Amino acid sequence: MALQAKLSISQKHAGISALIPSQRHLFEIPDEIAYLNCAYMAPQMKAVSQAGIEGLKRKASPWRISAQDFFSEASEARRLFAELIGAGATDVAIVPSASYGIAVAAANLPAAKGDRILVLEDQFPSNVYAWLNLRRTSGAEVVTVARPPDQDWTTALLRKVDEKTAVVAIPHVHWTDGTRVDLEAVAAACRGVDAALVLDATQSVGALPFSVQAVQPDFLIAAAYKWLLGPYGLAFMYVSERFQDSQPIEHNWITRKNSEDFSGLVSYTDEFQRGAVRFDVGQRSNFALLPMAIAALKQVHRWTVADIAGTLTALTTELARGAEELGLQVAPEGCRSPHLIGLGFPGRMPDTLLQELADNHIYVSIRGTSMRVSPHVYNTLKDVRRLLEVLGNIVRTPAARAL
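Heads up: the sequence shown begins at 26 in the working numbering, then just goes up one per residue.
Among these hints, one or two may not hold up.
[What the hints assert, rightly or not] Heads up, simulated DMTMM-like pairs for lysine to aspartate or glutamate below, C-alpha to C-alpha not over 25 Å straight-line:
{"no.": "1", "residue 1": "185", "residue 2": "209"}
{"no.": "2", "residue 1": "138", "residue 2": "177"}
{"no.": "3", "residue 1": "84", "residue 2": "285"}
{"no.": "4", "residue 1": "185", "residue 2": "166"}
{"no.": "5", "residue 1": "407", "residue 2": "285"}
{"no.": "6", "residue 1": "185", "residue 2": "140"}
{"no.": "7", "residue 1": "71", "residue 2": "140"}
{"no.": "8", "residue 1": "323", "residue 2": "94"}
Worth flagging that the hints you see were computed from the coordinates, not collected in a lab. In this text, all values refer to a predicted model and were calculated from it rather than measured experimentally.
Please model the entire structure based on the sequences and the hints provided.
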């Protein structure tokens with residue numbers, strides 16, 4: 026079957042479009058490697074590595090770094106990320122990690138005894154620990170939404186959102202298996218009870234179309250090193266206008282008004298730069314990481330998120346079909362994401378699974394009870410079929426059948 030034919034009607038309606046030919050030449054991935062693990066860590070594009078090297082060289086010659094450089098690269102990275110999600114540049118802060126952004130949200134959202142904070146079962150801990158801490162300091166209750174047997178997180182969440190809900194802190198897709206939440210439906214329910222919506226979009230932005238206009242979250246955070254194809258140690262945080270006058274969790278010089286004037290920095294001020302910039306981490310102007318993020322974001326824009334999602338849909342659809350033929354468990358199509366898919370074993374997962382795959386130069390993850398497979402545009406159907414072939418050999422062994 027032609028790849029284009031694999032796109033379902035629902036996926037086309039979701040803005041997922043054309044297919045991108047293999048982009049492996051932009052990466053340093055040996056021919057024998059089937060790296061299907063972008064949800065763990067994206068491989069670095071050659072252009073991104075080069076941008077980082079050039080940035081490091083600049084630091085070796087600091088006389089080449091001007092005062093303006095502390096602002097121009099941050100502004101460009103901020104703008105590129107904002108355009109991915111349909112936001113304005115000043116709606117975005119530059120932070121070091123998803124957990125940092127979640128901490129900002131937790132520090133500024135009102136919660137009191139009797140309030141409820143909703144999270145998903147087995148949610149990534151960066152979007153859990155801050156809420157557990159808020160529970161201790163505020164008396165609010167953290168309510169875990171159990172994984173529904175039919176994998177329909179949206180319906181399960183909507184049943185829990187009520188007048189006691191103060192915060193819904195969730196991902197767009199579950200990090201263990203890619204099962205997806207209908208954020209527009211959940212966001213509408215949150216607005217109906219005046220609950221805040223906080224999104225950890227690390228496992229979705231860059232590979233799954235998203236619009237802040239459509240969803241209207243209060244906070245959205247995405248680390249750069251996965252689907253944004255950027256460096257480790259950098260993340261972006263969208264803050265809605267109603268929270269842009271909130272308090273940052275640190276107080277540094279660069280986020281203050283007129284910080285561009287280095288000679289006037291001792292003229293202390295209580296005023297901040299406009300918008301979400303007040304939440305930027307100190308030393309945001311990393312002269313290696315920011316150029317790397319800019320190079321990666323520019324390439325994501327060239328491909329477009331819609332075309333990335335369409336390309337990966339073809340791969341994960343083929344994988345789901347083949348996995349089901351092997352007797353493995355896959356979430357229903359309507360609950361899956363285009364870029365990240367979990368495979369479940371009917372019995373206990375073989376202990377040697379990852380090693381056997383690695384012996385065949387195939388790389389995936391195990392998260393929770395799922396074998397998580399997450400391709401990108403450097404993968405092709407050949408990689409997917411290699412994985413299915415090795416999986417077939419594993420599940421057909423007498424030892425595997427006995428599990």
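These are the hints, each one checked on the structure:
no.	hint	verdict
1	185 <-> 209	16 Å, holds
2	138 <-> 177	30 Å, violated
3	84 <-> 285	19 Å, holds
4	185 <-> 166	13 Å, holds
5	407 <-> 285	51 Å, violated
6	185 <-> 140	12 Å, holds
7	71 <-> 140	48 Å, violated
8	323 <-> 94	19 Å, holds
Violated hints, in rising order: 2, 5, 7; the structure is consistent with all others.
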